[in-house]
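**Student:** Sequence:
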Amino acid sequence: MTGAPLTQHGAGAAGQRAATEPPSSDAPQAAGGQPLPAPPAYGHRSVAEILPSCAAALGVQGFENTLGLPAVPRVCVVMVDGLGRQHLTQRAAHTPFLRAALQAGQGGIPTTLDAAFPSTTAASLASFGTGLPAGQHGMVGYDVLAPHLDRVVNQLGGWDPDVDPDRWQPFPTVFERMEATVPVATVSLPQFERSAMTRAALRGGRFIGAETLHARTTAAAEAMAASPRMLLYFYLNELDKAGHVSGCASPAWEEALEEVDASIRRLDGQLPAGTLVLVTGDHGMVDVPAHRRIDFGAEPELVEGVRHTAGEPRMVHLHLEDPDDDGAARRVLDRWRARFGSQAWIVTRAEAVAKGLFGEVRPEVADRIGDILVAAQGELALYDGRRVRPTAFSMVGQHGSLTKAERAVPLVAFRATGRAQSKRRRRG
-15 MTGAPLTQHG
-5 AGAAGQRAAT
5 EPPSSDAPQA
15 AGGQPLPAPP
25 AYGHRSVAEI
35 LPSCAAALGV
45 QGFENTLGLP
55 AVPRVCVVMV
65 DGLGRQHLTQ
75 RAAHTPFLRA
85 ALQAGQGGIP
95 TTLDAAFPST
105 TAASLASFGT
115 GLPAGQHGMV
125 GYDVLAPHLD
135 RVVNQLGGWD
145 PDVDPDRWQP
155 FPTVFERMEA
165 TVPVATVSLP
175 QFERSAMTRA
185 ALRGGRFIGA
195 ETLHARTTAA
205 AEAMAASPRM
215 LLYFYLNELD
225 KAGHVSGCAS
235 PAWEEALEEV
245 DASIRRLDGQ
255 LPAGTLVLVT
265 GDHGMVDVPA
275 HRRIDFGAEP
285 ELVEGVRHTA
295 GEPRMVHLHL
305 EDPDDDGAAR
315 RVLDRWRARF
325 GSQAWIVTRA
335 EAVAKGLFGE
345 VRPEVADRIG
355 DILVAAQGEL
365 ALYDGRRVRP
375 TAFSMVGQHG
385 SLTKAERAVP
395 LVAFRATGRA
405 QSKRRRRG
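Numbering (this note's numbering) for the sequence shown: -15 to 412.
Read the hints as simulated data drawn from the structure, not as lab findings.
Hints are supplied without guarantee of correctness; some may be wrong.
Below, computed lysine to aspartate or glutamate pairings styled on DMTMM-like, alpha-carbon distance capped at 25 Å [to be verified]: (1) K225 <-> E238; (2) K388 <-> D271; (3) K339 <-> D306; (4) K339 <-> D309; (5) K339 <-> D308; (6) K339 <-> D318; (7) K388 <-> D144; (8) K225 <-> E163; (9) K225 <-> D306; (10) K225 <-> E239; (11) K225 <-> E285; (12) K388 <-> D148; (13) K225 <-> E243; (14) K225 <-> D351; (15) K225 <-> E344; (16) K388 <-> E177; (17) K388 <-> E195; (18) K225 <-> E335; (19) K388 <-> E348; (20) K225 <-> D309; (21) K225 <-> E195; (22) K388 <-> E363; (23) K225 <-> E242; (24) K388 <-> E335; (25) K339 <-> D310; (26) K339 <-> D351.
Derived Cβ-Cβ restraints for the label pairs, each shown as a range [as the list claims (entries may be wrong)]: (27) Q18 <-> P347: 28 to 36 Å; (28) A338 <-> E363: 48 to 56 Å; (29) P347 <-> P145: 36 to 44 Å; (30) G362 <-> S234: 14 to 22 Å; (31) G43 <-> R314: 51 to 59 Å; (32) A88 <-> A338: 24 to 32 Å.
Yeah, the Cβ is synthetic: ideal placement off N, Cα and C, and Gly gets one too.
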């Protein structure tokens, strides 16, 4: 049994355009020959369009229904951290509920979206929460340079106390913009309620904390049943954790994926019938073997002329000692391209911004982006061992770069069967 399909509900011209619009082909060449991939489809088919489209579908003024969602009184958005579209397709045998929902059809609503760039939780969830690209909201990676402090700060669990989340990301979230019109709730782990990441990217509405996945599923269904009109955001992090520890090719990751599928099946049977359910992810993942996790901090020629390193192992930001010295910058760029040019897209900030990887970039955000960016291809992870803990090198599943496995995320849309109908169908 799966949720009700959406094929009978028109998605609208905007949704059809978003699903079929071809990627840009005017990609500059990076060293090593492979062209730089197209930027995320901001404004058309990215995670930044999900919540604004939900708000519009709920009848809130001031939002565009870019994804072509049907008009509904209730929407439940399930964010599965680490769920990439490619792996969902490859592991279809482990997700019978989601597989059936996709096969049932969802009209013109696209089944694949782009994560933000970099394809990492801080950037993508901030784009999801604000409806903006990273160049606007400013959360441009896992570790980011705070220019006013001249030090690198973390955007997730290790938020710097000298960085005010409300000023670092100053735009109102979609939750804040719509909560006066439609009730909004978040169901997530209790420790995230007052986290700096939540304050920066997902503030607004009521927070409902629950520890286990089963408890969160029940809490989400109860919250939705208590209101005739609502947007609910339901966060699952178990899959991402399994991928980082064991890899997305591991039995542990497949078991976590099966539990995600089972939880969404439970949710389908517990939500009010007809609730629009959207299942998506913030990024995908690739596995990197131990011998391909490289400590570039141990290679003096690679860090010569580099003041700060930031980002993550698959999308490194290099901030130069003297970015205005064109000769010095060229030497750093040449050394990195000579070492990793066949294994990574290595571009300057100007090239990345011109390509649109971060969307339109605010002046206040520009200096948070590295002078040189190194986005890994294939099986490669690049660490600065001088500033990361040794345990960081044990991470198997990784993300942040521009590969399809990391940047493409699913969008599975269906109408909830509902508790009463689900029970009747099981008896039948």
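**Student:** All hints, please: hold or fail.
**Tutor:** Hints and how they fare:
About 12 Å separates the Cα atoms of K225 and E238, which keeps this hinted pair within 25 Å; it holds. Taking the CA atoms of K388 and D271, the gap is about 13 Å. The hint holds against a cut of 25 Å. Taking the CA atoms of K339 and D306, the gap is near 24 Å; set against the 25 Å cutoff, the hint holds. With a C-alpha separation of about 23 Å, the suggested pairing of K339 with D309 holds against the 25 Å cut-off.
Pair hint K339 plus D308 holds up; C-alpha atoms about 21 Å apart against a cutoff of 25 Å. Only pairs whose Cα atoms come within 25 Å are accepted, and K339 paired with D318 is accepted, the gap being roughly 20 Å. Between K388 and D144 the alpha-carbon distance is near 32 Å, which puts this suggested pair outside the 25 Å criterion. Under the criterion of a C-alpha separation no larger than 25 Å, the hint pairing K225 with E163 is inconsistent with the structure, at around 31 Å.
A hinted pair counts as satisfied when its Cα atoms are at most 25 Å apart, and K225 with D306 does not qualify at roughly 38 Å. For a cut-off of 25 Å, the pair hint linking K225 to E239 stands: about 12 Å separates their Cα positions. This hinted pair does not check out: K225 and E285 have alpha carbons roughly 34 Å apart, beyond 25 Å. In summary, the hint linking K388 to D148 is not supported, as the alpha carbons are separated by about 34 Å, beyond the 25 Å threshold.
Of the pairs offered as hints, the one joining K225 and E243 holds, with about 13 Å between alpha carbons and a cut-off of 25 Å not exceeded. Taken as a hint, the K225 and D351 pair is broken in the structure, with Cα atoms around 31 Å apart against an allowance of 25 Å. For the proposed pair K225 and E344, the alpha carbon gap of about 31 Å is over 25 Å, so the pair is violated. The hinted pair formed by K388 and E177 fails the criterion: a straight-line CA distance of about 32 Å is larger than 25 Å.
Among the hinted pairs, K388 with E195 is inconsistent with the structure: their alpha-carbon atoms are about 32 Å apart, more than 25 Å. With a C-alpha separation of about 33 Å, the suggested pair K225 and E335 falls outside the 25 Å cut-off, and the hint is violated. A C-alpha spacing of about 30 Å is found between K388 and E348, which places the hinted pair above 25 Å, so the restraint is violated. For the proposed pair K225 and D309, the alpha carbon gap of about 41 Å is over 25 Å, so the pair is violated.
Restraint check: the Cα-Cα separation between K225 and E195 comes to about 15 Å, which is no more than 25 Å; the hinted pair holds. Distance restraint check for K388 and E363: the Cα-Cα separation of roughly 13 Å lies within the 25 Å cut-off, and the hinted pair is therefore satisfied. For the given pair, K225 sits about 14 Å from E242 by alpha-carbon distance, which is consistent with the 25 Å threshold. Only pairs whose Cα atoms come within 25 Å are accepted, and K388 paired with E335 is accepted, the gap being roughly 20 Å.
Only pairs whose Cα atoms come within 25 Å are accepted, and K339 paired with D310 is accepted, the gap being roughly 21 Å. Simply put, K339 and D351 have alpha-carbon atoms about 17 Å apart, close enough for the 25 Å limit, and the pair holds. Judged by the Cβ atoms, the range 28 to 36 Å given for Q18 and P347 holds: they are separated by roughly 31 Å. Separation of A338 from E363 is about 29 Å and departs from the stated range, judged on CB atoms against 48 to 56 Å.
The beta-carbon spacing between P347 and P145, approximately 25 Å, falls outside the hinted interval of 36 to 44 Å. In this structure the hint that G362 and S234 lie 14 to 22 Å apart at CB holds, the actual value being about 19 Å. Range check, G43 to R314: about 54 Å between beta-carbon atoms, so the 51 to 59 Å window is met. At roughly 42 Å, the beta-carbon separation of A88 and A338 lies outside the given 24 to 32 Å, and the hint is violated.
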